[in-house]
Each structure stands twice: as C-alpha cells, then as structure tokens.
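Asker: Sequence:
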Amino acid sequence: ILEINHKLLNEAIQQTKTIIQTATFFILVTLFGTIAVSILFSRSFSNYLVRPINKLRETVEQISEGHFNKKIEIDEKSEEISGLAEEFNKMIERLQHYEQLNLNKILFEKKKSELVIENITEPVVMIDNDLNILLSNQAFNITFKDFISDKSKLEKLLIISDEKQDNKKNFYFDKDTLIINQKDGTQKYFKLIKAVLEIPEKEMRGAVYLFHDITKYRELDKMKSEFIAKVSHEFKTPLTTLGMAIGMLEDEIAGKLNKKLKEIVISMKEDYERLNKLVYEMLELTKLKMARENINFELFPVTKLLTHISKKFTALAREKNIELKIYDNSRDALMKGSYSHMISAIENIVNNSLKFTPSNGTIAIRLELKDNKINIIVSDTGIGITPDNLERIFDKFVQITDMTPGSLGLGLSIAKEIIEMHNGEIKVYSEMGKGSTFHIILPISLEKNE
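So in this note's numbering the end of the sequence shown lands on 448, straight run, no missing numbers.
DSS-like, lysine-lysine: derived pairs with alpha carbons at most 25 Å apart:
no.	residue 1	residue 2
1	K267	K257
2	K394	K228
3	K323	K432
4	K151	K186
5	K189	K222
To be clear, the hints were calculated from the coordinates, so they are not data collected in a lab.
With these hints in hand, go ahead and build the complete structure from the sequences.
Answerer: And the structure:
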C-alpha cells in the first residue's frame, strides 16, 4: 500500500511540474509577444506623431530661406497637428503678402530713382566698392563713354588724388575742379560731388557721383578776366599821362599855384593814385588767373618772407605811430612756391592792417609751425570787421561797410588767389572795436635746399 501511495504521489508531482512548465512557457510567450507588439505599436505611433512634425520643421526651414510659396500639408487627422499646420499656413500667406508689398515698394523706389537720375541733366553714376557701375544716366554715358569700359580710367576719375592724375592727357584736377580734355581740343569743367553709400550689416559700400558742369561759368569768367585785362591795359596809357600832368602841376612847372589850386592838385593826386592802384590790382589778379599753371615754384626759407616784411613796413608803421611786432618760430622751415607772389600776398594783408589800425595801435606778425604746416598769423588792433562782412572780405570789388571810403579794391582777393595757388588757405577772425586776425596756412616742404 505504501509503495502504491508513493508511486501515485510521484506521478502527481510529475504532472504538476509538467503543468507548471507548460504554463511558464505560455506566460513567457505571451509576455514576449506583448512586448513585441508594444514596441511595434509604439514605433508606429511615434512615426504617426513625428512625421507631421518633421514635415512642419522642413517647411519652416524652407520659409526661413525665403521660399514663401511653400505650404504645410498634413494628412493625419490629429486635431492638434492639423490646427498648428493651419496656423502656419495662415502665417505664410501673410508673409507672402508682406513680401509682395515690400517687393512692390522696392521696385517703385528703384523705378523712381532711375527716373529721377535719368532726368538729371548733369552726369550721375552709382558704383559699388569694386568700381562696378550700378546705375548711371544718359548724360554720364555720353560724357564719360571712354571711362565706362576701362576700370583703371574710371578709378582715376573717381578717386581724386595727386597720385591718380592722368598726366593731364585726358583729364586732371585743379583743386576740386575736374578738367577733361575733349578730342576737339576744348575743355570741360566739372565740380565733383560725392555721396557715400554704406550698408554695414551686408558689408556693402559704394558711392554716388554727381558731375556739375561749370564749363559755361568758367568760359564767362575767362571772358570777364580778358575784358578786365583789356580795359585795365587801355587805362594805363591815359593814367600815365594823367600822372605826369598832375606831377607837373604839383611841381608848378606851368606856373605858381595859389593855396586853393594846390589843394585841388593834392586831391587829384590822391584820386589818381587810388585809380592807378586799382588798375594795377585788376591787371595783377587777371595775370594770376590766366598764368596760374605757368608760375615757377622755387624752394626758399619761410623766414625770408618776414625779413622782407620787417624791412618794408617798420618805417611805415612808425610813421603812423603803430607798433610792429614780428615773431619768427619757423625753425628754418622751407616752402616751395613763388617767393615774389608770396611777398605780394603778405604785403597786401599787412597793408590792410596798417590802413585800418589807428595811431598807438599794434600789428603782430607770427610765423610758426603747427601740424606740419606753415602758419603765418597777422593780427592788428584795428577797427575790426562786422560779422556780415567777414564772408565778403575776400570778394572782388567789395566796398566793406563801416570802413573808410576807398576800401574798394582787390588786395585781399589777390592775397587769397596767391595763397590758394600754393595749396594753402586763409582765414579771418575779427571783432568790432578790437581788431582782426588773418591766418595763413601753407604746406611745408620736406625737400632740402641745395
């Protein structure tokens, strides 16, 4: 009986193990199957979610590159994704609208600019930093047709520099005036006006050039100068005769003069001297303008100018009871120019100071070097110049108000012409009742005097 029970128990245990193994197998199969299904489902679901997002991202990238004609197309029925895509499409439509508006505005402005430039009678050109012509009008294309296809000539034309001169064969610059030699032997004159264009964020640079044609004005000025020279020359002979006659009357060669007649002769002599001086100055100014390029420049020490001025004006100043002070801090500086013309310029300025400085006044002449420039400063304690007249002080034939009669003349105009001929400049500062200061600035020469 015990053996039978033991046998039955073993069989029951064996059956139980078999059942457990079978159950375990099915459980494991079910578990792995569930995991596999879950993985497949999650991948499919994530693709379902990510695919429209990727589409959205790709379209946004294209839009950011300026392709506003793209639209987001979502096939999935997710309300959230579809809603987002719809809002993006609305935004794209608005961007397309704004882009079209901006494009139309840009095209309108471009057309307007082209129309304005084309209707300007003066030559106009717009270039970029590489001297490529971006825009030009017909006047430029006709006047400068030989420069358009030649960048080297165009560079010389637009970049004003002593090193960029064209040996005066085709064109050259006289200060700020462009002079172009025409094939027919004539010349055209232009004032060059430049406006710089710069867009920092795009690193773009360029410029617009306007060539203001002043040929007619130069021709009129030349005719005026020739007329003045001719008239002045015609005045010289009768003036010489008049001067001789006044001299004979003054010396009483023709007979004794009473007191009244002597006063009349003195008045005639003063008027003659004033007229003779004016005619001389008119001729001198005309000569300067017409022979500007033919004046010979030489190297000389600047202190030589002060030595001459001191010798000439010390006695004249003493006669008027005016103190003449001279300060020379030139340190043996040299300048290249016409010594005789520079003497004439400074004499005219000092003469002007002597003329309008009362007795017991002071005239100081300073010569100094500053910023590698020669500075000649003439100061006086004269009657001064009103602010309104300061701008006109160097004009020709100007009667300065609040000054003594006879101030009509060309002395200061001649001085300015000579100084500018030497690539210098002259400034004037004045205060009524306290005096005036004339400041001449000239380039220093680094050459050595042989």
